[in-house]
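Chemist: Residue-level listing of the chains:
Protein chains: 2
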Amino acid sequence: MCAVTIQVGDLYAQPRGSNLTADAPAGQATWIWYPGDYAVWLANKMQNRRTERGAFLPVFWKMDSHYVLVEFHKDINLSHPDTIQIAVEGRYNVKIDGKAITGNLKTIQLPKGQHRLSLKVYNQAAVPAIYVKGNQVISDGSWQVTFEDKEWIDASGKASDKSGTTYEHAGYWNFNTAANKPSAFQLQTVPASPVKRTVLPSGSVLLDFGKETFGFIRLKEVSGKGVVNIYYGESKAEALSRDSCETLDRIEFTTPVNNFDTTTASTKAFRYVQIDAPKAVKIGQVDMLYEYAPVTSRGAFSCSDSLINKIWQVAAYTLHLNTREFFIDGIKRDRWIWSGDANQSFLMNYYLYFDQPTVKRTLYALRGKDPVTSHINTIMDYSFYWFMAVKDYYEYSGDAELVKTIYPKMQTLMRYCLSRTDKDGFMEGLSGDWVFIDWADHLTKKGALSFEQLLFCQSLETMAICANVCGDKAGAKKYQNLASQLKAKLFSVFWDSERHAFIHRIFKGKKDEAVFRYTNMFALLLGYLSPVQRKEVITHVLLNNQVQAIHTPYMRFYELAALCVADSQKVVTREIKSYWGGMLQKGATSFWEEYDPAAKGDAQYAMYGRPFGKSLCHAWGASPIYLLGKYYLGVQPTSPGYKTYEVKPALGGLKWIKGSVPFAKGDIQIYCDQKQIKVKTTGQTEKGTLIFHSRTQPRTNLGTIKQTSEQAYTLELHTGQQYVVNYEAI
Amino acid sequence: MCAVTIQVGDLYAQPRGSNLTADAPAGQATWIWYPGDYAVWLANKMQNRRTERGAFLPVFWKMDSHYVLVEFHKDINLSHPDTIQIAVEGRYNVKIDGKAITGNLKTIQLPKGQHRLSLKVYNQAAVPAIYVKGNQVISDGSWQVTFEDKEWIDASGKASDKSGTTYEHAGYWNFNTAANKPSAFQLQTVPASPVKRTVLPSGSVLLDFGKETFGFIRLKEVSGKGVVNIYYGESKAEALSRDSCETLDRIEFTTPVNNFDTTTASTKAFRYVQIDAPKAVKIGQVDMLYEYAPVTSRGAFSCSDSLINKIWQVAAYTLHLNTREFFIDGIKRDRWIWSGDANQSFLMNYYLYFDQPTVKRTLYALRGKDPVTSHINTIMDYSFYWFMAVKDYYEYSGDAELVKTIYPKMQTLMRYCLSRTDKDGFMEGLSGDWVFIDWADHLTKKGALSFEQLLFCQSLETMAICANVCGDKAGAKKYQNLASQLKAKLFSVFWDSERHAFIHRIFKGKKDEAVFRYTNMFALLLGYLSPVQRKEVITHVLLNNQVQAIHTPYMRFYELAALCVADSQKVVTREIKSYWGGMLQKGATSFWEEYDPAAKGDAQYAMYGRPFGKSLCHAWGASPIYLLGKYYLGVQPTSPGYKTYEVKPALGGLKWIKGSVPFAKGDIQIYCDQKQIKVKTTGQTEKGTLIFHSRTQPRTNLGTIKQTSEQAYTLELHTGQQYVVNYEAI
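Protein sequence lines correspond, in order, to chains A and B.
Positions 1 to 730 (the numbering used here) are the ones given, in order, by the first sequence.
Positions 1 to 730 (the numbering used here) are the ones given, in order, by the second sequence.
It is possible that part of the hints are untrue.
Claimed, not checked - With a Cα cut of at most 30 angstroms, we get these calculated DSSO-like pairs of lysine-lysine: (1) B:K99 with A:K62; (2) B:K570 with B:K648; (3) A:K74 with B:K423; (4) A:K62 with B:K62; (5) A:K62 with B:K106; (6) A:K478 with A:K643; (7) A:K478 with B:K570.
These aren't lab readings, by the way, just hints derived from the structure by calculation.
No experiment lies behind these values; they were computed from the predicted model shown.
Kindly generate the complete structure, drawing on both the sequences and the hints.
Modeler: As structure tokens, then:
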């Protein structure tokens with residue numbers, strides 16, 4: 001296996017359209033629907049596109065549906081009469097002040113004064129949605145919606161009391177014209193050509209698109225009659241393996257065609273494609289339609305090390321391929337939304353796109369609808385990651401509206417969790433629960449696992465935070481109490497002072513004193529440890545080679561983050577270069593689902609008992625995006641939505657680093673070397689804090705540097721200013 | 001208002017096709033789906049056809065959806081290989097022993113031996129459904145289905161434990177060929193012509209179809225250009241009232257047509273139709289497509305009184321018009337499924353069609369899906385009627401399968417009810433609850449109403465019965481205890497020994513001692529009263545004119561049933577003749593939603609504050625079907641599914657009665673006059689009991705008559721025998 005040469009910049013050269021994933025700007029009419037319903041519907045559509053060797057392969061958990069009948073209304077006060085245009089997806093009525101209009105329901109005259117404009121829409125196949133545009137009245141997120149308006153009248157014609165009805169603010173995205181119907185949404189495409197064409201001994205043709213990619217194959221100028229088989233490969237070996245490649249297409253020309261162009265019906269992931277046509281079929285040309293989400297890369301990172309830069313670029317490309325209608329796990333398979341995987345994509349997103357709509361859609365899609373009949377994706381830890389992801393989203397974005405809308409669904413999922421606790425208040429895997437943690441040897445999953453309790457505890461803390469955002473004080477108190485009790489129990493039962501670490505589990509009433517990295521690194525990351533325990537965990541677990549190593553990029557994400565929190569960026573730099581650099585050495589053009597440096601040849605592509613089961617483009621492989629943004633550039637919010645934030649640059653052994661970190665209302669640009677730190681924030685924040693160490697007394701061009709302890713300094717940052725700090729790195 | 005002459009037999013002359021509503025016969029391949037889902041989907045379709053003066057008028061409660069992704073499987077043991085044909089509604093895969101098949105998924109070879117055949121289907125717009133037909137393997141109700149199969153595999157390819165998954169038996173109806181797709185279902189139609197055509201002074205044309213009817217209007221041989229307005233009327237006055245008729249159609253010929261035939265897009269209810277065409281539009285002919293459910297009338301009744309016979313015929317016609325995809329309330333409006341209304345249709349159905357599939361569909365559609373967010377139809381009493389209807393269905397049909405499938409949904413609805421009780425365990429109308437009881441003056445609905453508690457108690461008893469059917473002994477005990485406690489409280493709080501009756505309610509801690517018929521007649525009907533209380537209620541409430549009279553056929557249903565239970569059939573005969581006969585006198589060709597004998601002229605059509613708001617064809621108007629079958633022919637099951645039953649004929653002042661009562665597996669034919677009773681049962685039962693009184697010693701041609709008390713006798717009945725008893729009626 002020879003390493004390919006990667007052209008940095010070329011690899012990540014992405015088509016860029018208008019930023020389709022941004023929300024509609026305020027004051028603009030946009031299509032609206034019941035909040036979360038569009039995500040549920042679109043997720044069904046996307047997740048039902050998976051195939052395995054031609055066979056349809058859907059998810060194995062409950063798929064929910066949108067509400068098929070929805071009432072929308074808005075109370076308006078018009079200074080003048082308004083003429084409004086209405087577009088609707090579904091069968092509908094329009095009421096003004098409760099009275100139905102008949103005749104033309106597409107253009108309506110609204111009289112001046114105080115009125116209630118209501119529409120009620122039925123749509124079984126797609127999401128009931130409306131678009132209203134007048135001079136004074138527009139459809140937007142301020143509309144009220146409900147799935148049960150309870151508007152009965154009695155025999156005399158008197159209207160009911162409606163106080164039992166819960167109204168929500170409408171959901172929306174960026175369908176900002178009447179013609180741009182939500183149900184017609186498709187990702188964008190652009191043609192791309194193979195970089196190499198090889199005729200195989202069998203006569204079939206192998207195309208190499210130069211790098212991992214995704215889209216439709218186009219057969220052009222086809223003549224003749226017969227069956228064309230297309231075998232896809234993320235690796236060359238996979239595309240060559242007709243019997244074992246994971247995905248394939250079969251295009252049958254039952255009647256002769258002449259100079260005919262055709263495109264595959266569904267998208268596939270591949271770098272290599274084997275086209276096997278019988279002699280009776282001539283194909284003029286083959287290329288592809290690359291399909292992509294036109295998200296904007298606002299984050300950036302570069303440094304003195306070209307391998308790290310290459311890794312960042314490939315990671316960004318990997319994340320981009322896996323950022324589609326939603327954040328998915330991998331583009332070859334499963335192409336599904338997995339909570340544990342999405343949780344990492346969310347975090348990477350905050351350092352690359354800061355695309356809030358994709359996070360929101362993914363959160364809604366994962367959670368689905370009530371009733372809760374199993375854990376998210378059937379996996380216990382994945383329910384917890386979902387809670388934690390809501391907390392992260394709120395911290396990064398400050399979007400209290402989402403929290404308020406989704407809080408009832410948080411409550412019902414937490415109720416489900418709490419209904420499955422044992423006498424100690426712990427959650428064990430019950431019948432039908434998948435306990436995942438990681439793909440790893442020796443990692444037993446029966447009983448009460450310390451890892452699951454830790455995530456459960458964090459989920460309860462998330463509930464308390466979100467309850468406060470929603471003004472639910474009783475809920476906040478209840479959840480905080482439950483979290484505190486569980487935390488106390490977690491330490492008393494699982495913390496082992498002899499092992500200086502959390503042990504793995506209790507099973508059948510007995511402690512299993514095995515120590516794994518998982519619980520310990522998460523406890524560090526989540527700030528659950530005392531200063532003493534923190535040191536113990538770093539020494540006895542994180543930096544201890546006796547503790548079983550982690551092989552998946554999935555858990556390396558958290559492991560390396562924990563090392564950064566332990567100020568071990570130098571170790572992390574080495575690990576990134578060796579692990580992700582190792583994949584590049586093996587020819588990777590995107591990062592993998594799992595990587596074992598020791599695996600050789602085609603064996604490295606095997607997983608799930610199948611020779612090419614492994615995904616070679618997996619979102620969780622892109623973690624350097626997050627690590628380099630959060631722990632090298634050192635930027636993170638310290639209050640929701642970057643109202644306040646910190647910048648704590650760390651070179652991690654690199655000579656210099658520079659980059660940009662986006663947030664909802666601006667960007668933070670950082671440069672750092674051994675002698676100088678430069679920071680400039682643009683956009684809307686209250687203040688930031690630069691945190692750094694210096695051997696010598698640092699100097700700044702602006703503001704006043706404060707010393708917080710020996711060699712430790714801070715500088716308050718304000719937006720629009722370019723701060724230049726001269727210092728001497730330790 | 002002159003009385004029309006009703007041709008008995010003519011009025012109820014119904015087109016009869018194959019009995020489409022019967023279930024698929026055993027051993028025959030049929031389309032299958034997740035149980036209940038087809039009803040939910042079809043109900044959405046049907047209930048979203050209501051319009052009011054052209055405006056779409058959907059329901060105001062939550063509409064649910066089918067599961068969009070469903071797994072079907074069947075474990076089979078084949079003596080020989082089998083070739084099976086597969087038809088599917090939706091995108092699907094096929095697995096044999098867990099391994100997906102590729103290629104042709106319409107014809108599949110199954111090897112001999114023990115195998116699991118699985119299909120997984122996705123369909124957002126319609127219900128995922130499959131049809132499988134081989135020599136040995138067919139799709140039927142024995143297949144297992146689930147909406148979450150939880151079939152994950154770990155990294156090594158090992159399959160998960162699946163024990164957390166709940167499988168149900170598949171639902172089905174009578175789509176018994178591959179081509180007969182469930183999503184394409186439509187009721188049958190047959191052309192019908194108006195009996196009278198009148199040109200109005202305005203130039204528009206008034207058509208009279210001779211009786212209440214339902215369907216599409218067809219305009220034939222239309223030429224010209226312009227707008228044709230169609231105004232529908234259940235009464236002549238309504239069709240003539242362009243401004244106030246409840247339903248209308250507007251057909252616009254935007255470009256000139258020539259000799260063109262067109263049909264209205266949706267069905268309407270009417271007897272009269274006003275066709276208003278401009279001069280520029282010539283219409284050759286107008287007729288209708290009568291739309292109907294091809295159910296078979298198996299029950300029959302006739303007697304010595306021709307008015308009663310006419311009433312029975314019109315009632316049967318009224319019920320037939322309201323028996324559609326589901327049992328609906330009325331054909332003009334609402335055309336919805338209301339639990340209180342359906343409960344009566346179910347009971348009438350047991351004495352007319354004994355059509356189980358329509359009952360099951362209606363029960364599923366009413367209940368919808370979890371979570372429960374409001375009472376059924378938003379009405380508290382309607383939740384209770386639903387429970388009671390399940391009990392009735394089980395008693396009449398003996399269908400334990402339905403009870404087992406629907407029991408989890410009974411539990412969740414009951415949990416919702418129990419979560420809304422007050423400190424006394426009573427259910428008051430909370431915010432968003434509609435408390436209905438009846439359309440009646442002075443009937444206050446705030447506070448804890450004795451009527452609601454009585455129905456709640458019966459619902460709890462139903463839960464206990466169904467828990468036992470499902471083998472849920474703990475549940476049975478719990479619900480029985482709750483029922484007993486509530487019953488005790490009901491009597492201690494609401495029974496007033498001075499008034500010899502249940503009083504109306506407690507409001508703000510105080511008793512409201514008003515006495516209404518409702519609680520008292522239901523207590524009698526449900527067997528809640530001691531012999532003494534029973535007599536008190538009959539004397540002081542039922543037969544007491546001081547107690548406010550009931551004006552709706554809806555509550556007359558129960559009132560007259562209670563009078564029958566009180567052996568007052570003679571009173572009931574008089575009431576039927578005066579009340580239903582009164583409607584006939586007013587020109588009714590089907591029975592009304594509400595009837596006030598005192599109302600005159602067009603005022604009698606007003607309701608809900610609208611001049612023609614009243615429905616003149618309302619299912620609940622058809623109660624004579626039930627009363628005459630159950631309390632005159634006197635037939636009812638005494639153990640589930642007519643395993644045992646009683647026949648207790650009552651002449652109610654008539655010279656003779658005869659008729660037939662259907663049950664799932666047979667029919668019971670009865671003739672009775674003052675001197676002779678004849679009974680013949682065909683079909684499958686264990687035994688029946690004829691119960692009668694005689695002044696003299698009765699004689700029988702078969703079996704042995706037993707005397708049970710003075711002048712009271714019984715005779716055991718066996719199937720296939722014609723019993724002739726000579727006696728002398730008291």
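Chemist: Enumerate the violated hints, using their earlier numbering and listing them in ascending order.
Modeler: Hints 3 and 7 are the ones this structure does not satisfy, whereas the remaining hints hold.
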